[in-house]
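**Student:** So the sequences go chain by chain: H and B. Taking this note's numbering, the leading residue of the first sequence gets 423, the next gets one more, and so forth. Taking this note's numbering, the leading residue of the second sequence gets 40, the next gets one more, and so forth.
The hints are simulated quantities; they were obtained by calculation from the structure and are not laboratory data. Keep in mind that a hint or two might mislead.
[What the hints assert, rightly or not] Computed list of lysine to any residue pairs in SDA-like fashion (alpha-carbon distance at most 25 Å, straight line):
#	chain 1	residue 1	chain 2	residue 2
1	H	479	H	454
2	H	459	B	136
3	H	531	B	128
4	H	490	H	438
5	H	464	B	152
6	H	459	B	146
7	B	96	H	448
8	H	464	B	102
9	H	464	B	55
10	H	493	H	474
11	H	444	H	468
12	H	479	B	136
13	H	464	B	113
14	H	480	H	439
15	H	479	H	520
16	H	459	B	68
17	H	480	H	431
18	H	480	B	144
19	H	459	H	506
20	B	50	H	509
21	H	493	B	144
22	B	56	B	104
23	B	96	H	520
24	B	96	B	61
25	H	444	H	483
26	H	531	B	67
27	H	464	H	532
28	H	459	B	42
29	H	444	B	142
30	H	459	B	56
[As the list claims (entries may be wrong)] Chain B stretches covered by chain H per the calculated footprint, using a threshold of three residues with CB under 8 Å from any CB of chain H:
#	stretch
31	57 to 65
32	84 to 91
[Said to hold, decoys possible] Partial pick of chain B residues on the chain H-facing surface, computed with a CB cut under 10 Å:
#	residue
33	42
34	46
35	51
36	52
37	95
Keep in mind the model is a prediction, meaning the values are calculated, not measured. Quick reminder that beta carbons are idealized off the backbone N, C-alpha and C, glycines included.
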Amino acid sequence: GENVEQHPSTLSVQEGDSAVIKCTYSDSASNYFPWYKQELGKGPQLIIDIRSNVGEKKDQRIAVTLNKTAKHFSLHITETQPEDSAVYFCAASDPGTYKYIFGTGTRLKVLA
Amino acid sequence: GAGVSQSPSNKVTEKGKDVELRCDPISGHTALYWYRQSLGQGLEFLIYFQGNSAPDKSGLPSDRFSAERTGGSVSTLTIQRTQQEDSAVYLCASSPWVDPSGANVLTFGAGSRLTVL
Numbered sequence: 423g424e425n426v427e428q429h430p431s432t433l434s435v436q437e438g439d440s441a442v443i444k445c446t447y448s449d450s451a452s453n454y455f456p457w458y459k460q461e462l463g464k465g466p467q468l469i470i471d472i473r474s475n476v477g478e479k480k481d482q483r484i485a486v487t488l489n490k491t492a493k494h495f496s497l498h499i500t501e502t503q504p505e506d507s508a509v510y511f512c513a514a515s516d517p518g519t520y521k522y523i524f525g526t527g528t529r530l531k532v533l534a
Numbered sequence: 040g041a042g043v044s045q046s047p048s049n050k051v052t053e054k055g056k057d058v059e060l061r062c063d064p065i066s067g068h069t070a071l072y073w074y075r076q077s078l079g080q081g082l083e084f085l086i087y088f089q090g091n092s093a094p095d096k097s098g099l100p101s102d103r104f105s106a107e108r109t110g111g112s113v114s115t116l117t118i119q120r121t122q123q124e125d126s127a128v129y130l131c132a133s134s135p136w137v138d139p140s141g142a143n144v145l146t147f148g149a150g151s152r153l154t155v156l
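Starting from the given sequences, assemble the full structure and let the hints guide the process.
**Tutor:** Okay, structure coming up:
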């Protein structure tokens, strides 16, 4: 089955700087890669996603890139703000099933 | 409802007791998922429902765990004879439909935090 690894586990950046979180997956047949943001005491919320037929997708300050050959995808947050502080999870679709395999999460702290 | 609702938000129980966790998905969402989030871990898949059927129960950790969904809406996750290692946040998510391509957008509830003493 699919396996997803996520790095780093924690990340601290100064406000205004960029943050990058990286994930790798094992099954080349995976075709959907969502990113979720989880704030304290809340459930994860989808912030951006990408399908395997696209190499990059951008939504304002957030972008995701996908390298199918290397089987890795990354979340990029530019001009970080304190409200970006949260735990971010990457995920990959598990081929042949309707479930998603999640990474172990990255705790992002944006320092004012 | 406006979002996915889970209850209770917090549950403290003694080892060996049974617990029930409830999930109210977004109205009209046909797919429902249960995940478990342990401290410092990612989200671990437990079970998935399409309507009232559970085609994938592969993630249930043991036969102490069971889940059902009635009327294509509310789902209950039951843990019998709880153990300390069952302590975690149990998250429920729903999706409007099952996309054959696998690109289902999940909306998560806030979770039920279970503590087994």
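**Student:** State for each hint whether it applies.
**Tutor:** Hint-by-hint comparison with the structure:
Restraint check: the Cα-Cα separation between residue 479 of chain H and residue 454 of chain H comes to about 13 Å, which is no more than 25 Å; the hinted pair holds. Taking the CA atoms of residue 459 of chain H and residue 136 of chain B, the gap is near 22 Å; set against the 25 Å cutoff, the hint holds. Note on residue 531 of chain H and residue 128 of chain B: the hinted pairing holds, with a Cα-Cα distance of about 22 Å set against a maximum of 25 Å. Restraint check for residue 490 of chain H and residue 438 of chain H: the C-alpha separation of about 30 Å exceeds 25 Å, so the hint is violated.
Our distance criterion of 25 Å between C-alpha atoms is met by residue 464 of chain H and residue 152 of chain B, whose separation comes to about 11 Å. Straight-line distance between C-alpha atoms of residue 459 of chain H and residue 146 of chain B comes to about 12 Å, which keeps the hinted pair within the 25 Å bound. Of the pairs offered as hints, the one joining residue 96 of chain B and residue 448 of chain H holds, with about 22 Å between alpha carbons and a cut-off of 25 Å not exceeded. Taking the CA atoms of residue 464 of chain H and residue 102 of chain B, the gap is about 29 Å. The hint is violated against a cut of 25 Å.
Taking the CA atoms of residue 464 of chain H and residue 55 of chain B, the gap is about 28 Å. The hint is violated against a cut of 25 Å. Restraint check: the Cα-Cα separation between residue 493 of chain H and residue 474 of chain H comes to about 10 Å, which is no more than 25 Å; the hinted pair holds. Simply put, residue 444 of chain H and residue 468 of chain H have alpha-carbon atoms about 17 Å apart, close enough for the 25 Å limit, and the pair holds. In summary, the hint linking residue 479 of chain H to residue 136 of chain B is supported, as the alpha carbons are separated by about 23 Å, within the 25 Å threshold.
A hinted pair counts as satisfied when its Cα atoms are at most 25 Å apart, and residue 464 of chain H with residue 113 of chain B qualifies at roughly 20 Å. Between residue 480 of chain H and residue 439 of chain H the CA atoms are separated by roughly 17 Å; this keeps the pair inside 25 Å, and the hint holds. With a C-alpha separation of about 23 Å, the suggested pairing of residue 479 of chain H with residue 520 of chain H holds against the 25 Å cut-off. Only pairs whose Cα atoms come within 25 Å are accepted, and residue 459 of chain H paired with residue 68 of chain B is accepted, the gap being roughly 21 Å.
The hinted pair formed by residue 480 of chain H and residue 431 of chain H meets the criterion: a straight-line CA distance of about 23 Å does not exceed 25 Å. As the CA atoms of residue 480 of chain H and residue 144 of chain B are separated by approximately 17 Å, the hinted pair is consistent with the 25 Å bound. A threshold of 25 Å between alpha carbons decides the hint, and for residue 459 of chain H with residue 506 of chain H the separation of about 9 Å falls inside it, so the pair holds. Restraint check for residue 50 of chain B and residue 509 of chain H: satisfied, since their Cα atoms lie roughly 23 Å apart, inside the 25 Å limit.
The suggested pairing of residue 493 of chain H with residue 144 of chain B holds, with an alpha-carbon distance near 21 Å, which does not exceed 25 Å. For a cut-off of 25 Å, the pair hint linking residue 56 of chain B to residue 104 of chain B stands: about 13 Å separates their Cα positions. Annotation: proposed proximity of residue 96 of chain B to residue 520 of chain H holds, straight-line Cα distance about 12 Å (limit 25 Å). For the given pair, residue 96 of chain B sits about 17 Å from residue 61 of chain B by alpha-carbon distance, which is consistent with the 25 Å threshold.
Proximity of residue 444 of chain H to residue 483 of chain H is assessed by CA-CA distance (about 17 Å); at most 25 Å being required, the pair is judged to hold. Distance hint between residue 531 of chain H and residue 67 of chain B is unfulfilled; the C-alpha atoms sit about 37 Å from each other, more than 25 Å. With a CA separation close to 19 Å, the supplied pair residue 464 of chain H and residue 532 of chain H stays within the 25 Å bound. Between residue 459 of chain H and residue 42 of chain B, the direct Cα distance comes to roughly 16 Å. Compliance with the 25 Å bound is thereby established for this hinted pair.
Proximity of residue 444 of chain H to residue 142 of chain B is assessed by CA-CA distance (about 20 Å); at most 25 Å being required, the pair is judged to hold. Between the alpha carbons of residue 459 of chain H and residue 56 of chain B the distance comes to roughly 33 Å, so the proposed pair goes past 25 Å and is violated. Only residues whose beta carbon comes within less than 8 Å of a beta carbon in chain H count, and the stretch 57 to 65 of chain B has 0; fewer than three means the coverage is violated. As drawn, the stretch 84 to 91 of chain B meets chain H at 3 residues by the rule of a beta-carbon pair under 8 Å; at three or more, the given contact holds.
Given the 10 Å rule on beta carbons, the hint for residue 42 of chain B holds: about 9 Å separates it from the nearest Cβ of chain H. Violation of the interface hint for residue 46 of chain B is found here, the shortest Cβ-Cβ separation to chain H being roughly 13 Å, above the 10 Å cut-off. Interface restraint check: residue 51 of chain B against chain H, minimum CB-CB distance 17 Å, threshold 10 Å, status violated. A distance limit of 10 Å between C-beta atoms decides the matter here; for residue 52 of chain B the minimum to chain H is near 20 Å, and the interface restraint is violated.
A least Cβ separation of about 6 Å between residue 95 of chain B and chain H falls short of the 10 Å threshold, and the interface hint therefore holds.
Hint violations for this structure: numbers 4, 8, 9, 26, 30, 31, 34, 35, 36, all remaining hints satisfied.
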